[in-house]
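Q: So the sequences go chain by chain: G and B.
Each residue of the first sequence is one higher than the one before, starting from 1 at the first, in this note's numbering.
Each residue of the second sequence is one higher than the one before, starting from 1 at the first, in this note's numbering.
Quick caveat, the hints were computed from the structure, so don't treat them as lab data.
It is possible that part of the hints are untrue.
To be verified - Some chain B residues near chain G, calculated using beta-carbon distances under 10 Å:
1) P74
2) D76
3) T411
4) E415
5) S419
6) S421
7) G424
8) E425
9) R434
10) C450
Given the structure is predicted, the values throughout are model-derived calculations rather than measurements.
Using N, Cα and C, we set each Cβ at its ideal position, and we do this for glycine too.
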Amino acid sequence: MKLLEVKGLKASVEGISILRGVDLEINAGEVHAIMGLNGSGKSTLSKVLAGHPSYQVTGGEVLFNGQDLFELPPEERARVGLFLAFQYPVEVPGVSNSAFLRLAYNTIQTSRGKDELDPLEFDDLVRERIKVVEMDPAFLDRSVNEGFSGGEKKRNEILQMALLDPKLAILDETDSGLDIDALRIVANGVNSLRSEHNAIVMVTHYQRLLNYIVPDFVHVMDAGRIVKTGDKTLALELEERGYDWLRAVA
Amino acid sequence: MNTTLQQWVDQPYRHGFVTDIETEIVPKGLNESVIRMISAKKDEPEWLLDFRLASYRRWLTMEVPSWAKVSHPPIDFQEIIYFAQPKPKKQLDSMDEVDPELRKTFEKLGVPLHEQKVMAGVAVDVIFDSVSVTTTYKSKLAEVGIIFCSLSEAVREYPELVKQYLGSVVPASDNFYAALNSAVFTEGSFCFIPKGTKCPMDLSTYFRINTEGSGQFERTLIIAEEGASVSYLEGCTAPRFDTNQLHAAVVELVALDYAEIKYSTVQNWYAGDENGVGGIYNFVTKRGMCRGVHSKISWTQVETGSAITWKYPSCILLGEGSVGEFYSVALTNHRQQADTGTKMVHVGRHTKSTIVSKGISAGRSDNGYRGLVKILPHATGARNYSQCDSMLIGEACRANTYPTVEVRNETAIVEHEASTSKIGEDQMFLFAQRGIGQEEAISMIINGFCRDVFMHLPLEFAVEATKLLGLKLEGSVG
Ligand SMILES: Nc1ncnc2c1ncn2[C@@H]1O[C@H](COP(=O)(O)OP(=O)(O)OP(=O)(O)O)[C@@H](O)[C@H]1O
Ligand SMILES: [Mg+2]
Numbered sequence: 001m002k003l004l005e006v007k008g009l010k011a012s013v014e015g016i017s018i019l020r021g022v023d024l025e026i027n028a029g030e031v032h033a034i035m036g037l038n039g040s041g042k043s044t045l046s047k048v049l050a051g052h053p054s055y056q057v058t059g060g061e062v063l064f065n066g067q068d069l070f071e072l073p074p075e076e077r078a079r080v081g082l083f084l085a086f087q088y089p090v091e092v093p094g095v096s097n098s099a100f101l102r103l104a105y106n107t108i109q110t111s112r113g114k115d116e117l118d119p120l121e122f123d124d125l126v127r128e129r130i131k132v133v134e135m136d137p138a139f140l141d142r143s144v145n146e147g148f149s150g151g152e153k154k155r156n157e158i159l160q161m162a163l164l165d166p167k168l169a170i171l172d173e174t175d176s177g178l179d180i181d182a183l184r185i186v187a188n189g190v191n192s193l194r195s196e197h198n199a200i201v202m203v204t205h206y207q208r209l210l211n212y213i214v215p216d217f218v219h220v221m222d223a224g225r226i227v228k229t230g231d232k233t234l235a236l237e238l239e240e241r242g243y244d245w246l247r248a249v250a
Numbered sequence: 001m002n003t004t005l006q007q008w009v010d011q012p013y014r015h016g017f018v019t020d021i022e023t024e025i026v027p028k029g030l031n032e033s034v035i036r037m038i039s040a041k042k043d044e045p046e047w048l049l050d051f052r053l054a055s056y057r058r059w060l061t062m063e064v065p066s067w068a069k070v071s072h073p074p075i076d077f078q079e080i081i082y083f084a085q086p087k088p089k090k091q092l093d094s095m096d097e098v099d100p101e102l103r104k105t106f107e108k109l110g111v112p113l114h115e116q117k118v119m120a121g122v123a124v125d126v127i128f129d130s131v132s133v134t135t136t137y138k139s140k141l142a143e144v145g146i147i148f149c150s151l152s153e154a155v156r157e158y159p160e161l162v163k164q165y166l167g168s169v170v171p172a173s174d175n176f177y178a179a180l181n182s183a184v185f186t187e188g189s190f191c192f193i194p195k196g197t198k199c200p201m202d203l204s205t206y207f208r209i210n211t212e213g214s215g216q217f218e219r220t221l222i223i224a225e226e227g228a229s230v231s232y233l234e235g236c237t238a239p240r241f242d243t244n245q246l247h248a249a250v251v252e253l254v255a256l257d258y259a260e261i262k263y264s265t266v267q268n269w270y271a272g273d274e275n276g277v278g279g280i281y282n283f284v285t286k287r288g289m290c291r292g293v294h295s296k297i298s299w300t301q302v303e304t305g306s307a308i309t310w311k312y313p314s315c316i317l318l319g320e321g322s323v324g325e326f327y328s329v330a331l332t333n334h335r336q337q338a339d340t341g342t343k344m345v346h347v348g349r350h351t352k353s354t355i356v357s358k359g360i361s362a363g364r365s366d367n368g369y370r371g372l373v374k375i376l377p378h379a380t381g382a383r384n385y386s387q388c389d390s391m392l393i394g395e396a397c398r399a400n401t402y403p404t405v406e407v408r409n410e411t412a413i414v415e416h417e418a419s420t421s422k423i424g425e426d427q428m429f430l431f432a433q434r435g436i437g438q439e440e441a442i443s444m445i446i447n448g449f450c451r452d453v454f455m456h457l458p459l460e461f462a463v464e465a466t467k468l469l470g471l472k473l474e475g476s477v478g
């Protein structure tokens, strides 16, 4: 079943064109990896899909579950199951992580026609889910991401994924900043959340993540386009040869 | 600029209506005969008239303060009405009866005047322009020896107490506006908590300016004797006029040995329109004197209104081991200017003070924290902790902090932390990406930013402050 169809997507920021015709198709049950040089547009693509207000869509279309994604405001996209784990998670001082997680959880539950959880019920749930990323529950009582280390922020992103149970999760460099043990833990966590009903897009620079979460497809972005798509062996080839040979082609 | 944020802070002022009631005023302008007239209308004793006249003469020699970072055209003090009092439509049966028109006004403002309807367990003194309209729960409080009434009534009934304490914390000579207030103050609340008494309910005063062109010069005096404690709340609103109105209040608190006074304000005076036309000039002197050992005075303020706020609730920590606290949220938008903060003067040994200031600026507003921590030579073992955080919404506003520390005892420990942040697009986007709507996101971010202050508000007022945010949020997303 087609979950996401991106056709000729163009987008710009402050008048500078960044995405210059992206095509991408993702089916439920699949894992995709997007790789590419710094500045090639990977985060931009992720944020445009999630509806970040700084970016203007200037061409192309995106269907999510057959529905025009750009008709929906960002919070609606989240409610229909699009999730983005940020490359640089922001801090929200004074807002307790657990209150934030509960509001997010209840909002999404409500939009799915399910019951909200009160703080006690939610506490049980979150303490269960937090095991997915082996995070210390003490992080629930702190302000959202405030003073979290780089790796702790990334785990907190995956905790949110575990709670919100998205249809399509885009993980933007979730592996960067994780130590070797954390990488394994988080990767196992992500694997445990995989099912035939959802799909995962991993933006990454490194093969080591792909050793744990094996992709069905690997895409290479360059200058705002996907210039090559292959299977998991493409990542190994990139590790060996770098990007130059592809850039020449593009 | 994030449009949602701007819409949120741009919520129209809900208290801008005028009550149509006949008003008795003293002709505008200020001179000795106006002061005599005010004093005569209030049937005051000679000593109080003398206090006023002496203050007036002092005021004539003083200059408008220019050190604050606020700007406004010069105020013409001869254009201000110094006394305005609603005239009842019919003869009222008793002193305690309230004109129905006024009753309706306060109900509209959410301050019902029937004791049964008042927020559970809060006694209210209600002040409309220059006079006190009513004070609830007076007799119930009197049973435990607590005096809670308008200052005018206190002058009549308890002249010795008033004489003893009036001006003892903020003398007329303190500053220009304190001198002006001492000359023309018209109304305010008086609370006296006798030795060893814990006030069984929160006391509060609700101030309402109604008459165009009038100033409000209230004067509040709170005394907590040895071992007494009280929590006092102050709220204020005014109609929407194109002219600026002056509000120059003086609040004096006195805490004797082991006494505790908690003073909370939600200030929502009319702030002027988006171009800075109209609004209240809020020039207020608030000071508490921790006279007794181990006494404690705590100021909590949520400042959202006024065209200009110039206000530094302060503590003089005289008694050994006394404690001063200042928790403040100041929100400015459009052309609003706020220069607010506190002074903590450590005189006694082992005195402690805490300052937490949160400034939120939006639009083209100016929001400044100004603080003074002064440790005097005898204040051995004094401690201060200060934290000043500013949050900016948009590009055109300004936040400044002017902390001053003067330490003259080397055993003192003084800590200061400051931060400036922005409600960024990226924070808003995080909330949206997790399915959370804009209103809820903003309210959660602002409440989070203010949490260290809100947690010090009494429950009734925390609800009130949240409601104020809620009101501003209402309908902000189309
Ligand atoms: N808000 C912005 N303003 C200006 N330029 C931007 C903005 N956002 C992105 N860009 C530019 O767009 C290009 C693509 O950025 P993007 O973050 O999508 O790259 P990326 O592929 O995710 O890189 P990395 O691997 O380093 O994370 C870069 O040149 C970047 O500088
Ligand atoms: Mg990136």
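Q: Please flag the earlier hints that this structure goes against, numbers listed from lowest up.
A: 1, 2, 3, 4
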